[in-house]
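The sequence shown begins at 1 in the numbering used here and counts up by one.
These aren't lab readings, by the way, just hints derived from the structure by calculation.
Incorrect hints may appear among the rest.
In silico EDC-like links for lysine to aspartate or glutamate, alpha-carbon gap of 16 angstroms or less [as the list claims (entries may be wrong)]:
1) Lys192 x Asp1
2) Lys26 x Asp73
3) Lys26 x Glu195
4) Lys88 x Glu150
5) Lys100 x Asp85
6) Lys26 x Asp72
7) Lys26 x Glu196
8) Lys125 x Asp93
9) Lys192 x Glu37
10) Lys156 x Asp85
11) Lys26 x Glu37
12) Lys139 x Asp128
13) Lys139 x Asp73
14) Lys88 x Glu43
15) Lys30 x Glu181
16) Lys29 x Glu195
17) Lys156 x Glu76
18) Lys156 x Asp128
19) Lys156 x Glu143
20) Lys30 x Asp193
21) Lys92 x Glu148
22) Lys156 x Glu43
23) Lys26 x Glu143
24) Lys125 x Glu43
25) Lys26 x Glu43
Only a predicted model underlies this, so the values are computations on that prediction, with no experimental measurement involved.
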Amino acid sequence: DDVELSGSLLIQLQDAEAFINRNSHKSWKKVGQYRVEYPDYPERAVAEAMVNAIIHRDYMELGSEIHVDMFDDRLEIYSPGGMVDGTKIQDKDVNLLSSKRRNPIIADVFSRMDLMERRGSGLRKILDSYTQLDNYSEKLAPEFHSNESEFIVILKNLNYSGDKVAITSGDKKLQMNLILEFAQQNESFRTKDIEELLQIRSSR
Numbered sequence: 001d002d003v004e005l006s007g008s009l010l011i012q013l014q015d016a017e018a019f020i021n022r023n024s025h026k027s028w029k030k031v032g033q034y035r036v037e038y039p040d041y042p043e044r045a046v047a048e049a050m051v052n053a054i055i056h057r058d059y060m061e062l063g064s065e066i067h068v069d070m071f072d073d074r075l076e077i078y079s080p081g082g083m084v085d086g087t088k089i090q091d092k093d094v095n096l097l098s099s100k101r102r103n104p105i106i107a108d109v110f111s112r113m114d115l116m117e118r119r120g121s122g123l124r125k126i127l128d129s130y131t132q133l134d135n136y137s138e139k140l141a142p143e144f145h146s147n148e149s150e151f152i153v154i155l156k157n158l159n160y161s162g163d164k165v166a167i168t169s170g171d172k173k174l175q176m177n178l179i180l181e182f183a184q185q186n187e188s189f190r191t192k193d194i195e196e197l198l199q200i201r202s203s204r
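Using the sequences and the accompanying hints, generate a full structural model.
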């Protein structure tokens, strides 16, 4: 999938979140009578990262643009313009970081629309949204990098596993039974639903 977004900042934000959602998956497991879902990326983390990119972007850097790049194991959001005070985010404790806004008017508009809070660091909210999930571990913690001209947020895929698994005939039979049971419970479904059921990804 590859798109170039334009329009108002609000439209671009909504379309970017839709793009990320369209190219993300959810795994799930059955707990008692309930089905617990585990998204690739916390919804709050994605929203905060995109708002952060828009709010703090250096709009004076002509020809630049925000980039959203999705990989199997991570999501990267690049925004033109480093930290407002010229420091590097990787040298700071995000939990102690105060909010300094490059574009206060845009920030005020987003705040009035309840897309961000007037106070507090959005980066801290990104970290919090990860640590609250059951499938989180420290190696999956979001990363933040910056220099004088760019800011990058790296969100780790909570469901990614780089291990290759050999499927035996017994495993295949189990998978087929799962698919048949799923089909009996759902009148219609898509390939993406089967991928989530078996926790696999089809080649694209």
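Hints, one by one, checked against the model:
no.	hint	in the structure
1	Lys192 x Asp1	15 angstroms, holds
2	Lys26 x Asp73	14 angstroms, holds
3	Lys26 x Glu195	9 angstroms, holds
4	Lys88 x Glu150	10 angstroms, holds
5	Lys100 x Asp85	8 angstroms, holds
6	Lys26 x Asp72	13 angstroms, holds
7	Lys26 x Glu196	6 angstroms, holds
8	Lys125 x Asp93	13 angstroms, holds
9	Lys192 x Glu37	14 angstroms, holds
10	Lys156 x Asp85	27 angstroms, violated
11	Lys26 x Glu37	6 angstroms, holds
12	Lys139 x Asp128	15 angstroms, holds
13	Lys139 x Asp73	12 angstroms, holds
14	Lys88 x Glu43	26 angstroms, violated
15	Lys30 x Glu181	13 angstroms, holds
16	Lys29 x Glu195	13 angstroms, holds
17	Lys156 x Glu76	9 angstroms, holds
18	Lys156 x Asp128	14 angstroms, holds
19	Lys156 x Glu143	8 angstroms, holds
20	Lys30 x Asp193	15 angstroms, holds
21	Lys92 x Glu148	15 angstroms, holds
22	Lys156 x Glu43	13 angstroms, holds
23	Lys26 x Glu143	22 angstroms, violated
24	Lys125 x Glu43	11 angstroms, holds
25	Lys26 x Glu43	12 angstroms, holds
In this structure, the earlier hints numbered 10, 14 and 23 are contradicted, and the remaining ones agree with it.
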